[in-house]
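Undergrad: Sequence:
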Amino acid sequence: MVPQMRFFIFLFAFVFSIITPGGGGLSYTNAAEKEALRNIQKRWRITTWETLLSIDPCDRFKPWRRDGENAWINCSCDPNNSCSIIELKVFEMNVSGRIPDALFNLTNLVNLNLSRNILNGSIPEDIHKLKRLRILSLDKNQFSGNITPSIGNLTNLTYLSLGTNRFSGGIPSTVGSLTLLEQLYIDSSGLSGPLPSDLANMTSLKTLWAFDNDFTGNLPESIGQLTNLTDLQIYGTFLEGPIPKKLSALTKLETLKLGDLSGADSNLSFLENMKSLVTLSLRNCQVADEIPPFLANFSNLTYLDLSFNKLHGSIPNLFGKLATLRYLFLGNNALSDLFPSEVFTENKNLTTVDVSFNNISGSLSSSDLREELSMNYIGTSMNKQSDSCCGFIFC
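Take the sequence shown: its letters are residues -25 to -1, 1 to 370, numbered as in mature numbering (1 follows the signal peptide of the UniProt record, and there is no 0).
Read the hints as simulated data drawn from the structure, not as lab findings. Model, not experiment: these values are computed from the prediction. Among these hints, one or two may not hold up.
[As the list claims (entries may be wrong)] Heads up, simulated DMTMM-like pairs for lysine to aspartate or glutamate below, C-alpha to C-alpha not over 20 Å straight-line:
hint, residue 1, residue 2
1, K220, D235
2, K221, D173
3, K115, E44
4, K250, D206
5, K181, D206
6, K106, D76
7, K227, E215
8, K227, E196
9, K64, D76
10, K232, E247
11, K220, D173
12, K221, E247
13, K232, E347
14, K9, D101
15, K115, D187
16, K250, D235
Let's have the full structure, built from the sequences with the hints guiding it.
TA: Structure representation (structure tokens):
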């Protein structure tokens, strides 16, 4: 066979291979999903998609997904190059209005990110059609109305972010069906009513942010069943104490921020086994207790805020032995006796100390203090041997 003929046969075979399904070349998006993308593009006027919609969305040679872009898709293809859209991101694109119905035809989605837009209206009930979702990000929008109970049908979710919206009503009890969920963000979302006991079913949960909402009722004991939690933040609500003793089971916590609890007094005994804590804030929680000696065992603690409580007794020098502690806030309590200056000489990492408005006394010498240390002792009987300004020291 002459060389020219062999070349043309090879060229034909190559072209055939890249245009034939299964030939290792072009990919073919599900027709219904491709049409859904067209409708979404028109509804939200995503200009960056106009050219891309002239080709097959899952064409492997013209990928839509590019690192750093705010609007992209990602596809999954079978051996025959038949493809489905599994990820859709429209992030911080200033798209407004409601979620278009066409989006719920993308039933193979695993990751949906619509964060930081101006989307409004309620979350459609048809969200339940996206049963394969593992990641759902709807935070920082203007969604309103009740959270649809059908969200509980998304049982494959591991990540759900609804924070910074304008919802009304409470958390639907159906969220208890989300047993694989590891991260739940409902902060600053306008929610109200009690925290449902069904949250206790979410035993895979590692992160729960529920701060800055209008929740009422008691801080539920059922939270103590979420023993995989590493980050729990509930403050800026209308919840009441006391802090349940059953929270003592949350021994994996690294961040615990509870605050603004009214009602009955609490004590600190529930903390004893939370030795993994890095950040601990119980600000304004009606804590009526002494500072417990077991805090000396919290070798990872960096941030401690027990301000605006009813703490009494003396300030122990254990804070000097916590080598990792950088921020200490004990202001607005009923602490008394001498402030232990050893805190400063033994702990070289402290950068901020607030003991204001307590019944403590003592004299601080220049040798007790270090550069870049700020201390607030307004409203106490403490004094610095050299000049200072109004109870603040900035060295």
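Undergrad: So, for every hint listed, does it hold in this structure?
TA: Hint check results:
Distance check on the hinted pair: K220 and D235 sit about 18 Å apart at the alpha-carbon level, within 20 Å; holds. Straight-line distance between C-alpha atoms of K221 and D173 comes to about 16 Å, which keeps the hinted pair within the 20 Å bound. A threshold of 20 Å between alpha carbons decides the hint, and for K115 with E44 the separation of about 18 Å falls inside it, so the pair holds. Annotation: proposed proximity of K250 to D206 holds, straight-line Cα distance about 14 Å (limit 20 Å).
Restraint check: the Cα-Cα separation between K181 and D206 comes to about 6 Å, which is no more than 20 Å; the hinted pair holds. For the proposed pair K106 and D76, the alpha carbon gap of about 16 Å is at most 20 Å, so the pair holds. With a CA separation close to 24 Å, the supplied pair K227 and E215 exceeds the 20 Å bound. At roughly 17 Å between alpha-carbon atoms, K227 and E196 fall within 20 Å of each other, so this suggested pair holds.
Our distance criterion of 20 Å between C-alpha atoms is met by K64 and D76, whose separation comes to about 16 Å. Between the alpha carbons of K232 and E247 the distance comes to roughly 16 Å, so the proposed pair stays at or under 20 Å and holds. At most 20 Å may separate the alpha-carbon atoms for a hinted pair to count; K220 and D173 meet this at roughly 19 Å. Proximity of K221 to E247 is assessed by CA-CA distance (about 12 Å); at most 20 Å being required, the pair is judged to hold.
Pair hint K232 plus E347 does not hold up; C-alpha atoms about 26 Å apart against a cutoff of 20 Å. Simply put, K9 and D101 have alpha-carbon atoms about 19 Å apart, close enough for the 20 Å limit, and the pair holds. Our distance criterion of 20 Å between C-alpha atoms is met by K115 and D187, whose separation comes to about 14 Å. With a C-alpha separation of about 24 Å, the suggested pairing of K250 with D235 is violated against the 20 Å cut-off.
In summary, the structure is inconsistent with hints 7, 13, 16 from the numbered list given earlier, while agreeing with the others.
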